[in-house]
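Please arrange chain B on chain A, whose structure you already have, making use of the hints.
Each chain, written out:
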Amino acid sequence: MTKSQIIHRPRTESDVAEIVMDARAAETPLAIEGGGTRAGLGRPMRAPVTLSTSQLTGITLYEPAEMVISARAGTPVSEIERALGEQGQMLPFEPMDHRALYGSAGDPTIGAVAACNISGPRRISSGAARDHLIGLRFVNGRAEAVKSGGRVMKNVTGLDLVKLVCGSHGTLGVITEVTFKLLPKARRTATLVVEGLDDARAVACMSAALGSPFEVSGAAHLPGAVTGESARTYLRIEHFPDSVAYRMEALEKLLAPFGAKSRLDHEPSLSFWRDLRDVGPLVRPAETAIWRISAAPTRAPHLTSAISQTLRGQWFYDWGGGLIWFATSAQGDCGAGAIRHALAATGGHATLTRAPDDLRAVLDVFEPLTPALMKLTRGVKLSFDPQGLFNPGRMYAGV
Amino acid sequence: MAGTLTIGYINGYNQGSPVSQIAFPVPDSSILARRDEIVAGLARLVAPESLVTTEDERRAFETDALTAYRRLPLAVVLPRSTEEVSAVLAYLHEAGVKVVARGAGTSLAGGAIPQEDAVVVGVSKLNKILDVSYENRVARVQAGVTNLGITDAIMADGFFYAPDPSSQLACTIAGNIGMNSGGAHCLKHGVTTNHILGVRMVLIDGTVVDVGGDHLDANGYDLLGVIVGSEGQLGVVTEATVRILRAAEGARPVLFGFDSSEAAGACVADIIGNGIVPVAMEFMDKLAIEITEAFAHAGYPLDAAAMLIIEVEGSPAEMEAQLSRIVEIAKKHGVRTVRESQSALEAALIWKGRKSAFGATGRVADYICMDGTVPTSKLSYVLQRTDEIVKSYGLRVANVFHAGDGNMHPLIMYNVNDPAEQAKAEEAGNDILKLCVEVGGCLTGEHGVGIEKRDLMHFQFTPIDLDQQMRVRAVFDPGWLLNPAKVFPLDHRFAA
Numbered sequence: 004m005t006k007s008q009i010i011h012r013p014r015t016e017s018d019v020a021e022i023v024m025d026a027r028a029a030e031t032p033l034a035i036e037g038g039g040t041r042a043g044l045g046r047p048m049r050a051p052v053t054l055s056t057s058q059l060t061g062i063t064l065y066e067p068a069e070m071v072i073s074a075r076a077g078t079p080v081s082e083i084e085r086a087l088g089e090q091g092q093m094l095p096f097e098p099m100d101h102r103a104l105y106g107s108a109g110d111p112t113i114g115a116v117a118a119c120n121i122s123g124p125r126r127i128s129s130g131a132a133r134d135h136l137i138g139l140r141f142v143n144g145r146a147e148a149v150k151s152g153g154r155v156m157k158n159v160t161g162l163d164l165v166k167l168v169c170g171s172h173g174t175l176g177v178i179t180e181v182t183f184k185l186l187p188k189a190r191r192t193a194t195l196v197v198e199g200l201d202d203a204r205a206v207a208c209m210s211a212a213l214g215s216p217f218e219v220s221g222a223a224h225l226p227g228a229v230t231g232e233s234a235r236t237y238l239r240i241e242h243f244p245d246s247v248a249y250r251m252e253a254l255e256k257l258l259a260p261f262g263a264k265s266r267l268d269h270e271p272s273l274s275f276w277r278d279l280r281d282v283g284p285l286v287r288p289a290e291t292a293i294w295r296i297s298a299a300p301t302r303a304p305h306l307t308s309a310i311s312q313t314l315r316g317q318w319f320y321d322w323g324g325g326l327i328w329f330a331t332s333a334q335g336d337c338g339a340g341a342i343r344h345a346l347a348a349t350g351g352h353a354t355l356t357r358a359p360d361d362l363r364a365v366l367d368v369f370e371p372l373t374p375a376l377m378k379l380t381r382g383v384k385l386s387f388d389p390q391g392l393f394n395p396g397r398m399y400a401g402v
Numbered sequence: 099m100a101g102t103l104t105i106g107y108i109n110g111y112n113q114g115s116p117v118s119q120i121a122f123p124v125p126d127s128s129i130l131a132r133r134d135e136i137v138a139g140l141a142r143l144v145a146p147e148s149l150v151t152t153e154d155e156r157r158a159f160e161t162d163a164l165t166a167y168r169r170l171p172l173a174v175v176l177p178r179s180t181e182e183v184s185a186v187l188a189y190l191h192e193a194g195v196k197v198v199a200r201g202a203g204t205s206l207a208g209g210a211i212p213q214e215d216a217v218v219v220g221v222s223k224l225n226k227i228l229d230v231s232y233e234n235r236v237a238r239v240q241a242g243v244t245n246l247g248i249t250d251a252i253m254a255d256g257f258f259y260a261p262d263p264s265s266q267l268a269c270t271i272a273g274n275i276g277m278n279s280g281g282a283h284c285l286k287h288g289v290t291t292n293h294i295l296g297v298r299m300v301l302i303d304g305t306v307v308d309v310g311g312d313h314l315d316a317n318g319y320d321l322l323g324v325i326v327g328s329e330g331q332l333g334v335v336t337e338a339t340v341r342i343l344r345a346a347e348g349a350r351p352v353l354f355g356f357d358s359s360e361a362a363g364a365c366v367a368d369i370i371g372n373g374i375v376p377v378a379m380e381f382m383d384k385l386a387i388e389i390t391e392a393f394a395h396a397g398y399p400l401d402a403a404a405m406l407i408i409e410v411e412g413s414p415a416e417m418e419a420q421l422s423r424i425v426e427i428a429k430k431h432g433v434r435t436v437r438e439s440q441s442a443l444e445a446a447l448i449w450k451g452r453k454s455a456f457g458a459t460g461r462v463a464d465y466i467c468m469d470g471t472v473p474t475s476k477l478s479y480v481l482q483r484t485d486e487i488v489k490s491y492g493l494r495v496a497n498v499f500h501a502g503d504g505n506m507h508p509l510i511m512y513n514v515n516d517p518a519e520q521a522k523a524e525e526a527g528n529d530i531l532k533l534c535v536e537v538g539g540c541l542t543g544e545h546g547v548g549i550e551k552r553d554l555m556h557f558q559f560t561p562i563d564l565d566q567q568m569r570v571r572a573v574f575d576p577g578w579l580l581n582p583a584k585v586f587p588l589d590h591r592f593a594a
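Keeping their order, the protein sequence lines are chains A and B.
Count along the first sequence from 1, add 3, and you get the number used in my numbering.
Count along the second sequence from 1, add 98, and you get the number used in my numbering.
In isolation and in its complexed conformation, chain B is listed as follows:
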């Protein structure tokens, strides 16, 4: 399940010094010189076990799932309460020290990678579920609770937390809020921003604000809407109130094998056109099928050029009815194989294969994972162009993605020990993302901008668009101390 976590270890600590294409700001030497004083100041605010200062221990926080880049932070603080977060931020704000908030460090975009002159504030010790109300269908949790931790706590009563990123075993709600995470089931249920009703957040000066609550609509400006997906630039979230949903009576993933990606793509459009919105529609191309099948043994059709995993849900009769409607449509598109899961175990294997796609790819090669979204009508064209682009750099690509919503995940494979090949992989990735924008899509559907796509923001936004975003950011963090070198191109300065 934890594909993104796994690759951290597989690709982890074996490379020399790769050619870094992505720039980091030069550390502020005056802050570096004050390191002892800053650490001493933090030590007055939190317990010794909440403060990480030795180089060895800080290493664990130097990167996230974008492991090609790493920077050792000044120090790491792991507060145990909102009050401690508040005291820490107030102190660092006063001292003019930059802050990088961190959940579980599973960001694929480098959103949690620190810098040498910044203190990491991690929420991993804030890991309690505070309150669950089935009557109001909400749960209040500390922000370091894992995504799957919420569902695990309520599953026995038939409820679940809907957004389900592949890293859900490890990733935290704080990180999900930072990146507005999605998952395989967002076609029906939406993404994180549709499931967060309130947050307790600490502003950079230590002020604690409650935004939203356990009611359904905002009072005043929808500040919560801009906090979700802000990549740790507006504050540090310490608690969240999330919606929880009652699970369907049953759910069953079904595999559909096709002779071409075009046929699979056309089938997806036709299903939606017929008024059916399955809870999930996932796409894999031939290479992705081979790689994941070798890893998960889920019974994926190895003879297919493209495969869809379509999940139907409801009572047994409803699933049967929905499936037969979908099969009728798939036949029109020349479906080769239809394979229903025959047991809960088989269903779990089918999803295990999909959710470990990244990890499984990591077993055969190093890779970078792109995350652009395109209009679904452009899927076949984008797949074909992706293939051409990657081939032109002499590399291979496997495609795994959320077909219903057009969120692509080309996995570009390369050898991390070959700096020239890493550079090629990154260039191919950039070309693909530009293509996504050109056809009317966006740079990132669910992973976030982080450092990875930061310098491509100009392709999607005009300077005016970026200015407006940066002005809003500055309302929350005028001194630009929170996760300062992320999301916005470093050379872009706005008129305040």
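Chain A on its own, in the form it takes in the complex:
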């Protein structure tokens, strides 16, 4: 991203509204930034003025007995997690930290987690950021402060704008405050590791585990090309200690047909899933392009097999096969043609999550939409931001 000349760091929502009001009058686009650790996510953009939420901080409400937390958008995720940890709670969707992937510095913010719908391995069992974001305040492109949702976990009052803004990468409004619902942090974690499965067999193994009554909360597969040794399939159980012990036994029995197994206990399990969450197995070398591909698990092995006919790369699976991280050479179209050709047959979509700015500027970073969905997308953008002030072109050229 081209750095802006001017950076605003508002401390209140009304300051945000004033900055947007000025941008509106001057017809000057704004780059919306949290901690700046995810600048590489989305299409690079040019905006003369940056609006940073880094000074818009602080937890505004935390009720452990209600499992709900509210915070201003610029609050560091680390501060949220520290507060939750003290009460034995967590953000259930396990948001990824992009710093290793992008080699970026700074503090990831809770507002960016909402703006980019950032989840992690537990998405498979507990849902994504968008499933836990129950309330939002944001300033729209008319410089109006808007509220949607609230602080209660069941709320169907009016249109759910929370979902639209979540994952809109700052293109619909400047988020000023977020409210998430929470879960208790599991007292114990353990991981069952199955050795030596090929991709298709690994997905079958993960499907069997995720289709079991044992509430597997993480299911990932690293092919041999990634581990450097034999392929490994990882299945996580999180619960009270007695349940973890019982469920690990039961799962091991259920998966007997899939061959040899080992286990990761609590601490190694925690560090394995943290690293996997942050795409640790593929972040180096830093020069590769990295795709994030979403597809139905049973079709994922066909997809990687089809892609690798024409494109050299390495990959691993999360979400029981439903999420593929694919690393390839950052040259030409970074494999966009091969990947999207394969997707046409399997369904799903691909996002170019890491590539140099000059390539992301000319490639479709997000999967192109059908004309009917693109029309709705443009309409939604205009309904929030009629002058196109926020993060212009971040998701699609001209939106």
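Keep in mind the hints are simulated off the structure, nothing from the lab.
Honestly, I wouldn't trust all of these hints.
Stated by the list, open to error - Not close to chain B: a few residues of chain A, all C-beta gaps over 10 Å, as computed: (1) Thr63; (2) Arg85; (3) Arg266; (4) Asp268; (5) Ser274; (6) Leu285; (7) Asp361; (8) Gly396.
As the list claims (entries may be wrong) - No farther apart than 20 Å at their CA atoms in a straight line, the calculated lysine to any residue pairs in the SDA-like style are these: (9) Lys150(A) to Asp368(B); (10) Lys188(A) to Asp368(B); (11) Lys378(A) to Val573(B); (12) Lys256(A) to Gly256(B); (13) Lys188(A) to Asn372(B); (14) Lys476(B) to Leu267(A); (15) Lys378(A) to Ala188(B); (16) Lys188(A) to Glu416(B); (17) Lys150(A) to Lys532(B); (18) Lys150(A) to Gly256(B); (19) Lys450(B) to Gln440(B); (20) Lys286(B) to Arg191(A); (21) Lys150(A) to Gly538(B); (22) Lys150(A) to Phe557(B); (23) Lys378(A) to Asp308(B); (24) Lys188(A) to His287(B); (25) Lys256(A) to Leu267(A); (26) Lys476(B) to Ser128(A); (27) Lys256(A) to Glu416(B); (28) Lys256(A) to Ser413(B); (29) Lys286(B) to Pro216(A); (30) Lys286(B) to Leu186(A).
Please read these numbers as outputs of a predicted model, since none were measured by experiment.
Note that beta-carbon positions come from the ideal geometry of N, C-alpha and C, so glycine has one too.
The following block gives chain B in isolation, referenced to the frame of chain A:
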């Protein structure tokens, strides 16, 4: 089980003309005058058995579970395919005719009540389960499939569809998507929006769009997120891809009787505070216990002032362990009785009692059911104020609700044949909903706004908040033809 359906018949067709507090728009006389032409146009698009035109037959579609209000629609179409829905909407759009989408008509908020100048497009003939994948844990269904129909089809293999509104025997997935329905088990599993991965939807001009699919995250803006809960204002959903889950090894509801609502409420907060999230925690007050026990004979503790139904799940040993943790906590809050279900039959009876609470109440009185959600820390205060409010109108209230998530369901009892009493009941209901908003909650947790709470939206949202929602709505339906008099106050106009 089908409490909401039952009351439609019990409260149904016996009243005179109640005082209507909720306004309907004046029908467009030019549309009414063109009725024959419009019906003829529809007849060219669908088979005769898919078109309902006689007054007698249209009567069946004039209301939903908010039976105090009814309007006879211009005509009713029950298409058999997405293509037919598309042709019908394209035609009505061209003709400038309003459209009210309908599932099974079990809305408690009047979400499916038509108006005289609108055509009802019902999805009841779209009732096939198209595909089930246990490997991918998804099912693709036509939108007129019932909620329970999905679970019934996959239960033998140990799977289920999680959201479980009390009307699940009758209500459709289309209606669940429209209202973002919840149920007793959302504390653990979440609501409809957490379980829909994709929809096929027909826009008002007949365009068919596929939003989402069988993968887990959105491509681009989360349009699916705003479609779920949009109360039929954005399009007509004809197919859905839903998540299905593997059932726990076992599940057991346990009854906890307390001497006061405060003690029961404090117990709920303490359970969560101890890191335990049971799959369900349901609350009933004394009157609700009496009414449902007389109906279901589920063994509810009649001597308790408040009761919790807490469901534990897992292996027998896990259920035992979780239950003993919960009992320890409940003891600290002076629990009077703890009654475990001893058999599958007893467990079913306990849930039957809870899920028929509305229907059972309908046997003793007419009622309106409120649906506000409040922060759980405010539960005792809200219960006490609810009681005071309803008493001040000279009426009675029974409380049944989802305690874990603060979703209240006060049932205000009245006599539908007494217009003054109906007006009082509605005023009491409005006061309660305002109270819910005042303490930090919302007007509706799972039933939707419909017409019932439409005019209260100003209490929860500023004009700016409503403007933003209406602008999004207008992206999908610029001519405001889809379920036009719902959700947004009729007097609220936004600057486009």
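Against the structure, the hints come out as follows:
With a cut of 10 Å on Cβ distances, Thr63(A) stays outside the contact zone with chain B, its closest approach being about 12 Å. For Arg85(A), the requirement that its beta carbon stay farther than 10 Å from each beta carbon of chain B is met, with the minimum near 18 Å. Against chain B, the non-interface label of Arg266(A) holds: every CB pair exceeds 10 Å, the least being about 20 Å. Its beta-carbon lying about 20 Å from the closest one in chain B, Asp268(A) satisfies the requirement of being farther than 10 Å from that chain.
Against the 10 Å criterion, Ser274(A) stays outside the reach of chain B, whose nearest CB is about 22 Å from its own CB. Non-interface call for Leu285(A) relative to chain B: holds, since the shortest CB-CB distance, roughly 19 Å, exceeds 10 Å. No Cβ of chain B approaches the Cβ of Asp361(A) within 10 Å, the least distance being about 23 Å, so the stated non-interface status holds. The beta carbon of Gly396(A) sits about 14 Å from the closest Cβ of chain B, which is more than 10 Å, so the claim that it is off the interface holds.
Proximity of Lys150(A) to Asp368(B) is assessed by CA-CA distance (about 30 Å); at most 20 Å being required, the pair is judged violated. At most 20 Å may separate the alpha-carbon atoms for a hinted pair to count; Lys188(A) and Asp368(B) meet this at roughly 16 Å. About 9 Å separates the Cα atoms of Lys378(A) and Val573(B), which keeps this hinted pair within 20 Å; it holds. Our distance criterion of 20 Å between C-alpha atoms is met by Lys256(A) and Gly256(B), whose separation comes to about 18 Å.
Taken as a hint, the Lys188(A) and Asn372(B) pair is honoured in the structure, with Cα atoms around 10 Å apart against an allowance of 20 Å. A distance of roughly 42 Å separates the Cα atoms of Lys476(B) and Leu267(A); the hinted pair therefore is violated under the 20 Å criterion. Pair hint Lys378(A) plus Ala188(B) holds up; C-alpha atoms about 18 Å apart against a cutoff of 20 Å. As the CA atoms of Lys188(A) and Glu416(B) are separated by approximately 18 Å, the hinted pair is consistent with the 20 Å bound.
Under the criterion of a C-alpha separation no larger than 20 Å, the hint pairing Lys150(A) with Lys532(B) is consistent with the structure, at around 18 Å. Only pairs whose Cα atoms come within 20 Å are accepted, and Lys150(A) paired with Gly256(B) is rejected, the gap being roughly 41 Å. At most 20 Å may separate the alpha-carbon atoms for a hinted pair to count; Lys450(B) and Gln440(B) meet this at roughly 15 Å. Distance check on the hinted pair: Lys286(B) and Arg191(A) sit about 19 Å apart at the alpha-carbon level, within 20 Å; holds.
In summary, the hint linking Lys150(A) to Gly538(B) is supported, as the alpha carbons are separated by about 13 Å, within the 20 Å threshold. Using a Cα cut-off of 20 Å, the hinted pair Lys150(A) and Phe557(B) holds, with the two alpha carbons roughly 13 Å apart. This hinted pair checks out: Lys378(A) and Asp308(B) have alpha carbons roughly 13 Å apart, not beyond 20 Å. Simply put, Lys188(A) and His287(B) have alpha-carbon atoms about 16 Å apart, close enough for the 20 Å limit, and the pair holds.
Annotation: proposed proximity of Lys256(A) to Leu267(A) holds, straight-line Cα distance about 17 Å (limit 20 Å). Between Lys476(B) and Ser128(A) the CA atoms are separated by roughly 30 Å; this puts the pair beyond 20 Å, and the hint is violated. Taken as a hint, the Lys256(A) and Glu416(B) pair is honoured in the structure, with Cα atoms around 18 Å apart against an allowance of 20 Å. About 15 Å separates the Cα atoms of Lys256(A) and Ser413(B), which keeps this hinted pair within 20 Å; it holds.
A hinted pair counts as satisfied when its Cα atoms are at most 20 Å apart, and Lys286(B) with Pro216(A) qualifies at roughly 15 Å. Restraint check for Lys286(B) and Leu186(A): the C-alpha separation of about 9 Å stays at or below 20 Å, so the hint holds.
Hint violations for this structure: numbers 9, 14, 18, 26, all remaining hints satisfied.
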